[in-house]
Structure formats: structure tokens, C-alpha cells
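Please build the complete structure, drawing on both the sequences and the hints.
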Amino acid sequence: MTCRLGASVEQQQILAQYPDADLAVDVIWMPMLPSDARDKWDSQFLTDPRVTQLWDAERLVGRWVAQEESLQLGDTGAVVWDAFLLFGPEATWESAPAGLLAWGTPIVGRVPQLMDALEPLLTQETPATAMLPAALAFPDRKESVVGTYGHFVA
Amino acid sequence: MIVRRFMSVVAGLLLVFVVLVGHPAAQQATPTPTPAAPTLSDLTDVEQLRALFNQQHGTPRLLLLISPT
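Taken in sequence, the protein lines are chains S and H.
Take the first sequence: its letter number 69 is residue 69 in our numbering, and every next letter is one higher.
Take the second sequence: its letter number 29 is residue 29 in our numbering, and every next letter is one higher.
The set of hints was computed from the structure by calculation and includes no laboratory data.
Take these hints with a grain of salt, some might be off.
Here are the computed distance ranges between Cβ atoms for each label pair [to be verified]: (1) H:Q48 to S:G99: 16 to 22 Å; (2) S:E58 to H:T34: 30 to 36 Å; (3) H:P35 to S:Q72: 24 to 30 Å; (4) S:D75 to H:T32: 46 to 52 Å; (5) S:S35 to H:G58: 34 to 40 Å; (6) H:R4 to S:D20: 55 to 61 Å; (7) H:S41 to S:A78: 39 to 45 Å; (8) H:G58 to S:K40: 30 to 36 Å; (9) S:D42 to H:G58: 28 to 34 Å; (10) S:P34 to H:A51: 17 to 23 Å; (11) S:S95 to H:T34: 36 to 42 Å; (12) S:Y18 to H:P33: 31 to 37 Å; (13) H:T39 to S:L33: 22 to 28 Å; (14) S:A57 to H:G58: 47 to 53 Å.
Chain S side only, calculated, beta carbon under 10 Å to chain H, not exhaustive [as the list claims (entries may be wrong)]: (15) V27; (16) L46; (17) L122.
These numbers come from a predicted model, not from an experiment.
The C-beta atom is built at its ideal place from N, Cα and C for all residues, glycine as well.
This is how it looks when you write it as C-alpha cells:
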């Protein structure tokens with residue numbers, strides 16, 4: 001439930017707050033708990049058209065991300081889940097994705113860090129906003145609280 | 001006589017037209033497009049995610065790794 005709660009926060013704080021922002025959200029659903037199954041996926045949970053949803057029955061992505069040579073996230077355990085990974089618009093994926101801006105786990109506890117990294121990307125296309133001091137441009141910005149599992153790469 | 005009958009037919013058609021156009025159902029003739037329902041695609045290879053990722057180049061990308069319950 002905590003995992004879903006994290007995703008719900010994403011939807012409410014990001015997608016709903018920036019309905020016109022150019023953002024792609026790729027959600028990889030994985031069975032991690034005994035109660036998890038493909039038919040437990042709720043089609044009404046994330047309804048924003050910017051969201052692409054994939055069912056990863058074998059936890060391939062979670063295991064791949066956990067490998068040190070993939071994203072160099074450090075000691076993450078065998079499978080990375082209940083996690084977010086944020087990439088900028090110029091990021092490309094050759095042998096591994098380059099341009100990781102931020103990542104964190106669990107999601108629900110790392111939303112302030114995510115918002116700090118994400119908001120400039122969502123608002124940078126508005127010239128008027130770009131000219132404002134940060135305090136005026138992002139009046140709702142939360143103070144960054146760097147936690148044990150909140151990581152900024154750049 | 002023929003002209004008068006013709007005029008009354010035209011008037012009748014106009015009346016029908018006005019009634020139909022003014023009807024609420026006619027005013028909703030252009031429905032608002034409903035967003036596509038979310039879908040869940042099976043991922044069987046990390047390569048699928050890589051292709052999707054590169055397809056979205058030029059856009060900030062947020063990957064969420066989560067479980068359904």
C-alpha cells in the first residue's frame with residue numbers, strides 16, 4: 001500500500017499540478033509482495049495520458065537497475081522497487097541510461113527531493129518564469145531534506 | 001396556388017430545421033473526445049524500456065518502479 005501511496009502522491013503533486021507540462025512518466029509495475037498480481041493492477045489509479053504503464057512479471061527492470069554497472073546507485077539490494085528515477089530531456093540510453101538527475105526510495109518519503117529536481121524541468125519553458133528569482137518562481141517549493149535514501153546525482 | 005403551396009412546404013422545412021438545430025441534442029453534436037483508457041503492457045525484456053526511453057528523448061522522464069498492492 002505504501003508503494004501505491006507513493007505513486008498516488010506523484011500523480012497528485014506532479015501530474016495534477018502541472019497538467020500541461022511536457023513530462024513522460026513510465027511506470028513499471030512489479031510483483032514484490034505476496035498479494036501482488038497482474039490482475040491487482042487498478043486501471044483507474046494513474047489515468048494521466050502522459051503515463052505509460054508496463055507489467056514486469058519477472059522484475060527484470062528492478063533487477064537490472066540494482067546492478068551496479070547499470071546506474072551505479074550503490075548498495076540497493078537485489079531488486080530496486082518503490083523507487084523513482086528522474087532523467088532530463090537530453091538523457092539517452094545506450095548501454096545504460098545517461099543523465100540521471102535524481103533517484104530515491106521509498107517514493108513516499110522522497111517526494112520533496114523529487115520535486116526539487118523536477119520542478120525546474122517542468123517550468124523552464126516559460127520565459128517569464130525563467131526570469132524570476134527562484135523564490136518567486138517556485139513559491140511552493142519545499143525545503144530539501146536529504147534523507148538516507150534520497151540521492152542527487154547532479 | 002402552386003407558389004403558395006411551395007412556400008408553405010419551405011416554411012415547414014425551415015421550422016423543422018430550426019427545431020432540430022435548437023434542440024439540446026443537436027447542440028451536443030460534437031462530443032468532447034474522451035481520453036484513452038489506461039493500458040498495461042507486458043514487459044518481457046529491458047530492451048523494451050530502453051526503446052521507450054529513447055523514444056521519449058526531448059522530454060523529462062520519470063521512471064517509477066512500484067508494486068500494485
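**Prompt:** Is the gap between the beta carbons of H:P35 and S:Q72 within 24 to 30 Å?
**Reply:** The hint (24 to 30 Å, Cβ to Cβ) is violated, given that H:P35 and S:Q72 are roughly 38 Å apart.
**Asked** Could one say that the CB atoms of H:T39 and S:L33 fall in the range 22 to 28 Å?
**Response** holds (23 Å)
**Prompt:** For the hint on S:L46, does the least C-beta distance to chain H fall short of 10 Å?
**Reply:** At about 6 Å, which falls below the 10 Å cut-off, the nearest Cβ of chain H leaves the hint on S:L46 intact, so it holds.
**Prompt:** Has the hinted range 30 to 36 Å been met by the Cβ atoms of H:G58 and S:K40?
**Reply:** Holds - the Cβ-Cβ distance for H:G58 and S:K40, about 34 Å, lies within 30 to 36 Å.
**Item:** Supplied distance hint 16 to 22 Å, evaluated on CB atoms of H:Q48 and S:G99
**Value:** holds (20 Å)
**Asked** How does the Cβ-Cβ distance of S:D75 and H:T32 compare with 46 to 52 Å: does it lie in that range?
**Response** holds (50 Å)
**Asked** Can we keep the S:L122 interface hint, with Cβ of chain H closer than 10 Å?
**Response** holds (7 Å)
**Request:** Indicate whether the distance between the beta carbons of S:S35 and H:G58 respects the range 34 to 40 Å.
**Result:** holds (38 Å)
**Asked** Has the hinted range 17 to 23 Å been met by the Cβ atoms of S:P34 and H:A51?
**Response** Since S:P34 and H:A51 have Cβ atoms about 32 Å apart, the given range 17 to 23 Å is violated.
**Asked** Given a hinted range of 31 to 37 Å, is it respected by the beta-carbon distance of S:Y18 and H:P33?
**Response** violated (21 Å)
**Message:** Holds or violated: the 30 to 36 Å window for the beta-carbon distance between S:E58 and H:T34?
**Reply:** Given a distance of about 34 Å, which is inside 30 to 36 Å, the answer is holds.
**Item:** Beta-carbon spacing of S:A57 to H:G58 - inside the hinted bounds 47 to 53 Å or not
**Value:** violated (30 Å)
Checked against the numbered hints given earlier, this structure breaks hints 3, 7, 10, 12 and 14; the rest are met.
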